[in-house]
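Colleague: Letter by letter, the chains look like this.
4 protein chains.
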Amino acid sequence: MSKGTVVLAYSGGLDTSCILVWLKEEGYDVITYLANIGQVEDFDAAKKKAESLGAKKVFIEDLRAEFVEEFIWPSVQASAIYEDRYLLGTSVARPCIARRQIQIARQEGAQYVSHGATGKGNDQIRFELTCYALYPEVQIIAPWRIPEFYNRFVGRKDLMEYAEKHGIPVPVTPKAPWSMDANLMHISYESGILENPKSHAPADLYLMTKNPEDAPNSPDVLEIEFKKGVPIKVTHVKEGKSKDTPLDIFSYLNEMGGRHGVGRIDIVENRFIGMKSRGIYETPGGTILYHAHLDIETFTMDREVRRIKQGLGVKFAEMLYNGFWYSPECEFVRHCIDKSQESVEGKVQLSVFKGQVYILGRESPKSLYNEELVSMDVQGDYDPCDASGFIKINAVRFVSFIKSMFKKNNNN
Amino acid sequence: MSKGTVVLAYSGGLDTSCILVWLKEEGYDVITYLANIGQVEDFDAAKKKAESLGAKKVFIEDLRAEFVEEFIWPSVQASAIYEDRYLLGTSVARPCIARRQIQIARQEGAQYVSHGATGKGNDQIRFELTCYALYPEVQIIAPWRIPEFYNRFVGRKDLMEYAEKHGIPVPVTPKAPWSMDANLMHISYESGILENPKSHAPADLYLMTKNPEDAPNSPDVLEIEFKKGVPIKVTHVKEGKSKDTPLDIFSYLNEMGGRHGVGRIDIVENRFIGMKSRGIYETPGGTILYHAHLDIETFTMDREVRRIKQGLGVKFAEMLYNGFWYSPECEFVRHCIDKSQESVEGKVQLSVFKGQVYILGRESPKSLYNEELVSMDVQGDYDPCDASGFIKINAVRFVSFIKSMFKKNNNN
Amino acid sequence: MSKGTVVLAYSGGLDTSCILVWLKEEGYDVITYLANIGQVEDFDAAKKKAESLGAKKVFIEDLRAEFVEEFIWPSVQASAIYEDRYLLGTSVARPCIARRQIQIARQEGAQYVSHGATGKGNDQIRFELTCYALYPEVQIIAPWRIPEFYNRFVGRKDLMEYAEKHGIPVPVTPKAPWSMDANLMHISYESGILENPKSHAPADLYLMTKNPEDAPNSPDVLEIEFKKGVPIKVTHVKEGKSKDTPLDIFSYLNEMGGRHGVGRIDIVENRFIGMKSRGIYETPGGTILYHAHLDIETFTMDREVRRIKQGLGVKFAEMLYNGFWYSPECEFVRHCIDKSQESVEGKVQLSVFKGQVYILGRESPKSLYNEELVSMDVQGDYDPCDASGFIKINAVRFVSFIKSMFKKNNNN
Amino acid sequence: MSKGTVVLAYSGGLDTSCILVWLKEEGYDVITYLANIGQVEDFDAAKKKAESLGAKKVFIEDLRAEFVEEFIWPSVQASAIYEDRYLLGTSVARPCIARRQIQIARQEGAQYVSHGATGKGNDQIRFELTCYALYPEVQIIAPWRIPEFYNRFVGRKDLMEYAEKHGIPVPVTPKAPWSMDANLMHISYESGILENPKSHAPADLYLMTKNPEDAPNSPDVLEIEFKKGVPIKVTHVKEGKSKDTPLDIFSYLNEMGGRHGVGRIDIVENRFIGMKSRGIYETPGGTILYHAHLDIETFTMDREVRRIKQGLGVKFAEMLYNGFWYSPECEFVRHCIDKSQESVEGKVQLSVFKGQVYILGRESPKSLYNEELVSMDVQGDYDPCDASGFIKINAVRFVSFIKSMFKKNNNN
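Protein chains in written order, with UniProt numbering: chain F, 1 to 412; chain A, 1 to 412; chain U, 1 to 412; chain P, 1 to 412.
FYI, nobody ran anything at the bench for these hints, they're computed from the structure. Be aware that one or more of the hints could be misleading.
Stated by the list, open to error - Label pairs and their calculated CB-CB ranges:
(1) P:Val172 <-> F:Glu108: 56 to 62 angstroms
(2) U:Ile193 <-> P:Gln103: 51 to 57 angstroms
(3) P:Gln103 <-> F:His200: 41 to 47 angstroms
(4) A:Met376 <-> F:His200: 42 to 48 angstroms
(5) U:Asp248 <-> F:Glu108: 53 to 59 angstroms
(6) F:His200 <-> P:Lys403: 42 to 48 angstroms
(7) U:Glu318 <-> P:Ala65: 38 to 44 angstroms
(8) U:Glu148 <-> P:Asp338: 47 to 53 angstroms
(9) P:Glu108 <-> U:Asp377: 33 to 39 angstroms
(10) A:Glu26 <-> P:Lys403: 17 to 23 angstroms
(11) U:Arg307 <-> P:Glu148: 36 to 42 angstroms
(12) A:Gln379 <-> F:Asn196: 16 to 22 angstroms
(13) F:Ile193 <-> A:Glu318: 40 to 46 angstroms
Said to hold, decoys possible - Below 25 angstroms or equal to it, Euclidean Cα-Cα: the simulated SDA-like pairs (lysine to any residue) are:
(14) U:Lys210 <-> P:Asp204
(15) P:Lys403 <-> F:Glu83
(16) F:Lys403 <-> A:Arg334
(17) U:Lys198 <-> P:Arg307
(18) U:Lys198 <-> P:Ile265
(19) P:Lys347 <-> U:Ala201
(20) A:Lys198 <-> F:Glu83
(21) A:Lys227 <-> F:Glu83
(22) U:Lys339 <-> F:Arg307
(23) U:Lys339 <-> P:Gly311
(24) U:Lys339 <-> F:Asp383
All C-beta atoms in this analysis are idealised placements derived from N, C-alpha and C, irrespective of residue type, glycine included.
Make the full structure from the sequences, and use the hints.
Modeller: Here it is in structure tokens:
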């Protein structure tokens, strides 16, 4: 008799294929679920493979549009960046993937979900917190944290042997000496030879962006139009070509950024689990958007509102990284950030060239920039004498401080 | 009889030359003071000009070394960046310049200081807050805020006429259609044709960095060594050349960054005075250091310490921008940040290429990176089962939240 | 010919009566405006006095209800407290008063507004920032900042003489040796003999609260019901009496708090203008609400949401104190805080006794408190083993830190 | 053969006595350790009991002085308060107790430590994080998280039976229907009948403070002198009696606060583990110190320094509550806070009466209060005209904002 039904997040690779079979061995009915979030993948082949390995049901779900609109866009609004550098391409995909997995589990009456994430990483947390938030009674099977599993499959060799024994097709090309995770927003690379933080990444690592050295020798100039803090249109200024649906916009920015080698970083970051890890990321479209959004935001948002929003954005990035998308605090912060974006609207012109994004100019019907007020040539409403009072009053506090210091020193 | 002595921050240009003569007309003895903080300038010519215009005394002060060590270095430690983009090259020079001006005023028994900063900008505040903090009784003469002065000199034409009448040498080359401010750390450009935030900056604007399009077609690879959060050595990896004094290190990074077009930004920013302004900056060496420091810091600093330090850094940047270097709060924050940097030590390798800085690798005797702990191939001390408990406990709070929501909804 | 019309915030006292006459002398038509925000005042007498002094028009406006609903309630939601102690009773009244003043100015076609606030205080800023925000073109006449005025009226004696000369009724009772400001929320006392921060406040200072030593010897027990973070009902538990409109609720809490001497503080605070000042406040109803709201909020709000909201509340209090109620950032923060209060609902029982508020218990349909989960007697869903993993993973980061410290020390 | 040596945090009560015997049953040598941190306890009896139950060695350690100086004092400096109400009396004792336990374990060559904290509480985390930080290799035995233990001892009845069977003296007085934790700083009460958040605490619950209703009818007036943010002397103003060592000062404040019923709170708080719990606390001396320190701090600390320090204090309180005293971030924050306290010096007079602390006045050689500057009667250095400029410049930003809103609305 079956122990119950598991919805397994299935990638088609060696690991999750072995998990599929192992779960069956353990007595579960297995439904596989593979999300298309923009990674390069032979979804048909994965489907057939899962079926041939005994999946009771196979789901291949195209989540690309909702990934962009419901997950990437709020991150753009937030200027979400982890530890000042990482644009969170993996983190932001996880709640999107797990949400659909939970929907399937509920719809199929499955009490269990399973995934192939390791026990040392962030992804296990991101997946599982989403699962618990959306389906509090769900039971999670994380084989890489189950001693019977991880003691049996100590190295890749063990998986290969198991695969051969159970008729699991074994990859013919040798595995890259690192692991990667790809989606519409980015590809991340870590582990293997990258674990030495001193050694340089090999030049042929990157799949999404061209080596800047080999990128075109002249820039492409783009105009991105924003409304409520999200892009609604991107136009190639010279070619006149434009895109205006979220998925098209983002894909086009990936193409442009990729062509020019935009968005590569090599960092050491702090995992939620408490260890530092080295990661290499390429985020072409996301990097362009980060810069463009920052520009239009500063142009249209009040200084002090932005200061508060910036603090909320830092918190949002931490929550996102740590897997708390579906927490009460993240929903609250997303609401506040969304509110702050009401007037973040207008057009930014920028060029992409040899790995870099250059902002060239901006315009907006909601701009708070007042050309007359700031002009060095026109006085405008502004009375320069006011500045004297402003400065003197600002000095009151610490002139008082200094004087009391002197007084004290003289008394001693 | 003299009204007293003024120490005038003198640039040698048309404005401050007119101010010099005007102050004399108004009955003051004028001492001029010109700080060398790394700008390109004919200091000898400026000296002669001031003397010929009747300066009672002329000070030309080389502040470059102290500028780097006492002002730029703390900003590097803080990762000081204003509104996520501006590295504060002008802001950080102001307290350095004004400090020496005050020292001269005290030493020369002057009751007054004067400067040529406009009434709409940040610099007037930065200068004057420093003056009040270091010499609370000082009187400040800011001609561009005195109606008799600014109503008399409405445009450049008025200054030119005044100059001709008073024997002030008039510039022969036409003025650039923007204003600029240069020092060792950066050049800023604003005003004039740049006031339209939509119009692109002219290609020939930049003086410190090469156009990335014209930059070398292969990168330079540098290794920067840090101790206590500041660079103590930079080495050109291929050429083996190295620098190890603060001024030499920073100048060399400027040279390298400049050669590769690193550190150009075009932004709209929020002035302390409450208006938005458009500024264009090039900060070659500072940009390299910002990235390198960020990398070694994350490598050697505890995650949570860094999170607190990051918040302090944001505050520090605001204080610096607003002119509060010599405030009690800025001294306190600098102390805290300095404390946080005790173990920020090690070497970062990076390449500069076509406007971009790429981190390549890092190493440190004080690293908190634990290769064994993070490794996917070795278990180490780490028990993956612990992660299950960690995740479940993290979920307690919002599972509870979700359940109480359901309960409420069912009750309604 | 008149210079124009001024709407003067008129209190009926000596100062603003002199200002009224002085403004007329200066050639203005004067409309007086007196807001009833709950202070004890003979409004009829003030009206007659203003008319007799030549006011063109006299407005007496009862703002009590809107003061409670639109200004005090948001402050309660925010747990607004300045520098950990001051409940902002004066601050919160200012935008309410100035808003109506501006409405009158617009409606009466007045280009000017005027007030009797001093040049060293916070109130001038609070009034004027509100005026500029709601009527950017308005001109403000602040006599205590106009040299012709303040040099003429150096002491109270000068005002008295001026009053006698101009037929302004002179107060017959001697002025208290301090100044006070009263409204529905609180009375503040400062200046005069209170300026010495060491000297104790006289026992007969307080007008709104009984001396705790003379307060009843047994407590009153109240139940306050909240919805969306604001009180909707207060019930005297023993007497069964209840109030359920904002103004009635707040007035009743004032009565109860006043009877028991609740809400007295004696503090030194930091003015926006940069100086420290000593203030004594009594805020009976506000203090009760502060404690009750805090209790129901913690009971019904998620921990992390509250942490973020707490930070926003601190910022809100600063804005309120500094006079930025009508700033973009304050509107943004009020929106966010309001959002956070959606589930802040339920009943708090408390007793007031001898100057203190004691929370006794609470209940809520939206509580996040889970009695089964927390119980020491029931296991519930909770698996204690999870805590081991939680603790160990939390320790990973700093065990790693400690070990790397040892390693370094051993290497040295 | 012994499995090894355990140092058990032993209270002398039923629970830890059973744990002692159980650990022996399980094959461990047991050393008991009982810290005197000011709780009322018969230490001799506990010693004898432990010995009679087979403890290999018994440590009774008087930690009261170090508890005050090294743990309570930094908390006073920080104004540490959790969720705006709880003064952290239990939290701050835990690292103090566990530190000594670890010292004993190292000295005695024990590889294990054990405690009787439950699996749902905060204390387990506070103890264990301290242990891991100070002795990373230590193994922790937490019986209440071990299924064999907690399934065997489901209720108090099971413990009683086990006790009888193993010759453990059984308490003769019935257990209070709640649990409590006492130390020099406070007593906390929770669980049992207190788990219902609505029910009022029984009047006879409190052991450390008198019922305010029964407290003396006249106040005691105290003067507390601070240096570097910690009290160095307390004087009873009328009686002239004074104390000047940390332990004496704190004990005397407990006595005074206790006599007047100061420091009782009834709250629902958020545990680190993610659940809300109801706790009742009495913190007599700590409450007095909290208020006195706040007063002298605001008097002597710059406004903006205090604002930053306030944020650090909030973080410190969270760390302390969550058990992170010995984390890198907590050490960093303690350092920063300590730095901020350099000038926090002077005397505060206050009265304690019927549950309340009233600040009466303060004086300090390091005060930043400037009586002349703030005076309404003296102009001092201050020019009121400066305030006009200050206000107008502060309004620039949002006048600009308002105008752009109008413009937009008119355009629509």
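Colleague: Hint by hint, say whether it matches the structure.
Modeller: Cross-check of the supplied hints:
1. For valine 172 of chain P paired with glutamate 108 of chain F, a C-beta distance near 59 angstroms keeps the hint of 56 to 62 angstroms intact.
2. A beta carbon spacing of about 56 angstroms between isoleucine 193 of chain U and glutamine 103 of chain P agrees with the range 51 to 57 angstroms that was offered as a hint.
3. The given range of 41 to 47 angstroms is respected by glutamine 103 of chain P and histidine 200 of chain F, whose C-beta atoms sit roughly 46 angstroms from each other.
4. The hint said 42 to 48 angstroms for the Cβ distance between methionine 376 of chain A and histidine 200 of chain F, and at roughly 20 angstroms that hint is violated.
5. Separated by about 56 angstroms at the C-beta atoms, aspartate 248 of chain U and glutamate 108 of chain F satisfy the suggested range of 53 to 59 angstroms.
6. Against the hinted window of 42 to 48 angstroms, the Cβ-Cβ separation of histidine 200 of chain F and lysine 403 of chain P comes to about 53 angstroms, which falls outside the hint.
7. At roughly 39 angstroms, the beta carbons of glutamate 318 of chain U and alanine 65 of chain P sit within the given window of 38 to 44 angstroms.
8. For the pair glutamate 148 of chain U and aspartate 338 of chain P, the beta carbons lie near 51 angstroms from each other, so the given range of 47 to 53 angstroms is met.
9. Range check, glutamate 108 of chain P to aspartate 377 of chain U: about 36 angstroms between beta-carbon atoms, so the 33 to 39 angstroms window is met.
10. Look at glutamate 26 of chain A against lysine 403 of chain P: about 37 angstroms separates their beta carbons, and that is not inside 17 to 23 angstroms.
11. About 38 angstroms separates the C-beta atoms of arginine 307 of chain U and glutamate 148 of chain P, a value consistent with the hinted range of 36 to 42 angstroms.
12. Checked against the hint of 16 to 22 angstroms, the C-beta distance between glutamine 379 of chain A and asparagine 196 of chain F comes to roughly 19 angstroms, which is consistent with it.
13. Taking the beta carbon of each, isoleucine 193 of chain F and glutamate 318 of chain A are about 42 angstroms apart, inside 40 to 46 angstroms as hinted.
14. With a CA separation close to 29 angstroms, the supplied pair lysine 210 of chain U and aspartate 204 of chain P exceeds the 25 angstroms bound.
15. A hinted pair counts as satisfied when its Cα atoms are at most 25 angstroms apart, and lysine 403 of chain P with glutamate 83 of chain F does not qualify at roughly 37 angstroms.
16. Under the criterion of a C-alpha separation no larger than 25 angstroms, the hint pairing lysine 403 of chain F with arginine 334 of chain A is consistent with the structure, at around 21 angstroms.
17. Among the hinted pairs, lysine 198 of chain U with arginine 307 of chain P is consistent with the structure: their alpha-carbon atoms are about 24 angstroms apart, no more than 25 angstroms.
18. A threshold of 25 angstroms between alpha carbons decides the hint, and for lysine 198 of chain U with isoleucine 265 of chain P the separation of about 30 angstroms lies outside it, so the pair is violated.
19. A distance of roughly 17 angstroms separates the Cα atoms of lysine 347 of chain P and alanine 201 of chain U; the hinted pair therefore holds under the 25 angstroms criterion.
20. With a C-alpha separation of about 31 angstroms, the suggested pair lysine 198 of chain A and glutamate 83 of chain F falls outside the 25 angstroms cut-off, and the hint is violated.
21. Among the hinted pairs, lysine 227 of chain A with glutamate 83 of chain F is consistent with the structure: their alpha-carbon atoms are about 21 angstroms apart, no more than 25 angstroms.
22. Using a Cα cut-off of 25 angstroms, the hinted pair lysine 339 of chain U and arginine 307 of chain F holds, with the two alpha carbons roughly 19 angstroms apart.
23. With a C-alpha separation of about 23 angstroms, the suggested pair lysine 339 of chain U and glycine 311 of chain P falls inside the 25 angstroms cut-off, and the hint holds.
24. For the proposed pair lysine 339 of chain U and aspartate 383 of chain F, the alpha carbon gap of about 39 angstroms is over 25 angstroms, so the pair is violated.
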